[in-house]
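Protein chains in written order, with the working numbering: chain A, 1 to 114; chain B, 1 to 113.
Hints listed in this document are in silico derivations from the structure and should not be mistaken for laboratory results.
Mixed in with the good hints, there may be bad ones.
[As the list claims (entries may be wrong)] Straight line, CA to CA, 30 Å or less: simulated DSSO-like cross-link-like pairs of lysine-lysine:
1. K57/B / K22/B
2. K14/A / K42/B
3. K58/B / K22/B
4. K68/B / K58/B
5. K58/B / K71/B
6. K9/A / K37/B
7. K37/B / K71/B
8. K9/A / K68/B
9. K22/B / K37/B
[Claimed, not checked] If we take Cβ atoms under 7 Å as the criterion, some of the chain B residues that face chain A in the derived model are:
10. G16
11. A96
12. N99
13. N100
14. F103
15. T105
16. P113
[Stated by the list, open to error] With the C-beta cut set under 7 Å, the calculated list includes, among others, these residues of chain A facing chain B:
17. P8
18. F10
19. Y31
20. G42
21. D73
22. G100
23. N101
24. G106
25. G108
26. L111
27. V113
Cβ coordinates follow ideal geometry from the N, Cα and C atoms, glycine included.
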Amino acid sequence: NAGVTQTPKFQVLKTGQSMTLQCAQDMNHEYMSWYRQDPGMGLRLIHYSVGAGITDQGEVPNGYNVSRSTTEDFPLRLLSAAPSQTSVYFCASSFLLAGGNEQFFGPGTRLTVL
Amino acid sequence: GENVEQHPSTLSVQEGDSAVIKCTYSDSASNYFPWYKQELGKGPQLIIDIRSNVGEKKDQRIAVTLNKTAKHFSLHITETQPEDSAVYFCAAPEPAGANNLFFGTGTRLTVIP
């Protein structure tokens with residue numbers, strides 16, 4: 001099992017550019033999510049999905065889009081990058097369990113927007 | 001949504017001593033409380049979790065205690081070792097929302113050899 005994989009590992013964008021952060025998992029998890037991590041602020045949920053074709057917003061969804069066409073993949077799209085989106089992005093996945101369950105995190109993508 | 005507060009933000013201990021990190025949460029309906037360890041340049045990894053039907057759970061040198069009345073839970077690491085140095089995050093779920101987690105702001109633990 002590769003677990004949760006993310007690409008790219010690093011990315012530098014100019015303000016206004018768009019890009020897609022890739023996330024894939026091979027554990028057949030129903031639940032997938034994207035978090036951003038900023039210094040002193042922990043991890044904040046951007047978007048999540050409970051299955052193919054189902055997505056919803058988290059705490060900080062503005063400026064990001066997601067889709068879930070397969071169980072395995074959950075890409076995060078930045079529509080028009082802004083310096084405020086400079087952050088480390090983590091994808092996570094888990095089996096759904098009422099009340100909560102262990103989430104498996106990818107290695108992260110460090111994004112810088114100039 | 002859930003509000004999770006974590007203290008302290010930094011903690012330094014001598015090797016062999018114990019470390020305690022504390023978290024509080026706001027939603028009394030929350031029933032699952034995980035702790036994650038994040039090493040430099042890596043994603044968080046679950047080290048221990050507890051559900052509200054128990055007050056304490058241990059796994060070797062790591063333990064978590066839960067006080068549902070006071071809405072707080074703590075991570076205890078005994079006999080600390082240099083490899084315990086990392087950032088630790090507590091979290092609590094959004095009770096009505098899938099498996100969504102709200103994280104504390106993290107504690108940077110340094111174990112001094």
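The hints, checked one at a time:
1. K57/B / K22/B: holds (15 Å)
2. K14/A / K42/B: holds (25 Å)
3. K58/B / K22/B: Status holds; Cα separation ~16 Å.
4. K68/B / K58/B: Holds, at roughly 18 Å.
5. K58/B / K71/B: holds (19 Å)
6. K9/A / K37/B: Holds. K9/A to K37/B sits at ~20 Å (cutoff 30 Å).
7. K37/B / K71/B: holds (22 Å)
8. K9/A / K68/B: violated (39 Å)
9. K22/B / K37/B: holds (14 Å)
10. G16: This hint is violated: G16/B lies away from chain A, its Cβ roughly 29 Å from the closest one there, beyond 7 Å.
11. A96: violated (10 Å)
12. N99: It holds, given that the least Cβ distance between N99/B and chain A is near 5 Å, below 7 Å.
13. N100: Hint on N100/B: holds, closest Cβ of chain A at ~6 Å, below 7 Å.
14. F103: holds (4 Å)
15. T105: holds (5 Å)
16. P113: violated (26 Å)
17. P8: violated (14 Å)
18. F10: violated (11 Å)
19. Y31: holds (5 Å)
20. G42: holds (4 Å)
21. D73: violated (18 Å)
22. G100: holds (3 Å)
23. N101: Holds: closest Cβ of chain B sits about 5 Å from N101/A, inside 7 Å.
24. G106: holds (5 Å)
25. G108: holds (5 Å)
26. L111: With Cβ-Cβ at 15 Å, over 7 Å, it is violated.
27. V113: For V113/A, the interface hint is violated, since the closest Cβ of chain B sits about 20 Å away, which is over 7 Å.
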